[in-house]
Every structure is written in structure tokens, then in C-alpha cells.
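Student: Sequence:
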Amino acid sequence: MTLRRAPRRRAGAPAVLATLIATVLLSGCVTQPVLPYQASVANQMKLGSLPRAARFQVTAAGSDPSDVQTTVRSMRISAPGDGSWTSYLGQALCTELATSGNYDANAAARIEATLSEVRIADGQAQVTGHFVIRQGQSVRYDKVLRADAHWDSAFLGAIAASNGLNQSTAIFQALLRKLFDDPDFAAAST
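Using this note's numbering, you'd call the opening residue of the sequence shown number 973 and step up by one each time.
This list has only true hints and no planted wrong ones.
Lysine to any residue pairs mimicking SDA-like chemistry, simulated, CA-CA at most 20 Å apart:
{"id": "1", "residue 1": "Lys-1018", "residue 2": "Ser-1072"}
{"id": "2", "residue 1": "Lys-1115", "residue 2": "Ser-1059"}
{"id": "3", "residue 1": "Lys-1115", "residue 2": "Asp-1153"}
{"id": "4", "residue 1": "Lys-1150", "residue 2": "Leu-1117"}
{"id": "5", "residue 1": "Lys-1150", "residue 2": "Gly-1020"}
{"id": "6", "residue 1": "Lys-1018", "residue 2": "Ile-1105"}
{"id": "7", "residue 1": "Lys-1018", "residue 2": "Asp-1156"}
{"id": "8", "residue 1": "Lys-1018", "residue 2": "Gln-1029"}
Calculated from the structure, these hints are not laboratory results.
Source: prediction; values computed, not measured.
Take these sequences, add in the hints, and give me the full structure.
Tutor: Set out below in C-alpha cells:
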């Protein structure tokens, strides 16, 4: 007895289209918090060149900018914890300084960090922060810094959203790198 294979049927265009529409309708909008901030190797190398006595306390001041835009495809990216991007910047700054040995909650020098822009979208991100270093009542550093990032935005929404989520941490690392690379920051640290 010979067995005959049944002929293979190819899915027709209407079936494929119906499957795609169902997938899009069921995916909905999701909110995903970014991962906790991780210190950057490049930032640690730069902080390692500061004088050994350079110690800072950190204050994340103010509220988030009113026009925060953090949506990649159908996924909204949020800051972890209380959902404040300003708090996330403060935590990032504390993490970098603590990892390098430059953080002291009782230090005489204080870094105040505020955000004026947070935009994370398909293939691009921009973050603008205002940094002030105070030693007692005197201001030793006062600058607005901006970091921009661009990356390939994948055709598939899940991959594009994952890339956006990863880049949301990287853009804050880049903003802090601009701070730590600034010669005026090094001068204010002495």
C-alpha cells in the first residue's frame, strides 16, 4: 500500500492579511519601564581621572518636562520606580558617582540635575539636562547639555520597541558622558 501525500496548500493573500490585522489589533499599547540604570565603562574611565578627593552629593531637582515623548511603535517607555525621568537622571548620576567612588551624601559639593527634554521615538532619542555644581553658596559649574542618539528602526514592531527600550538607558549614559567629558566639570571637581 502506498501512501500519497496530500497536496500542500498555500495560505492565500486574504488569510495572511487577516492574520496581520488580527495581530495588530490584539497587540494594543503597552507601557514598559526601562531597566535600572547601569554605570557605563566610558563614564567610569572618565570619572577615574578626577582627583581622588572629588566627592559629590546629588540632587535631582524639579519635575519632568511637560512634553515628554517616549513612545516607540505601540510601546510607551516609562522611567522606573515613581515614573519620573528627573528621578531617573538623579539615580543615574548617583550610580555613576558611587561606582567610581566619587559619591558622598555629606559632601560639600552638590550636583543639581534637572531635565528640560526627554524624547525617545522610533530610531532616535534626545535628552537635555541642566547641571549645576554648588560648593556651599558658590556656583562652580552651570551648563545645559544635550545628548542625541540615532539607530536603525526595525520593520517589526517588537524589535523596534526593544531597540528603543535599550536606547533609553544608553541616551542617559551619553548625557552623563557629556557632563563628565566637559573640561569645566573636571575644573569644578578640584
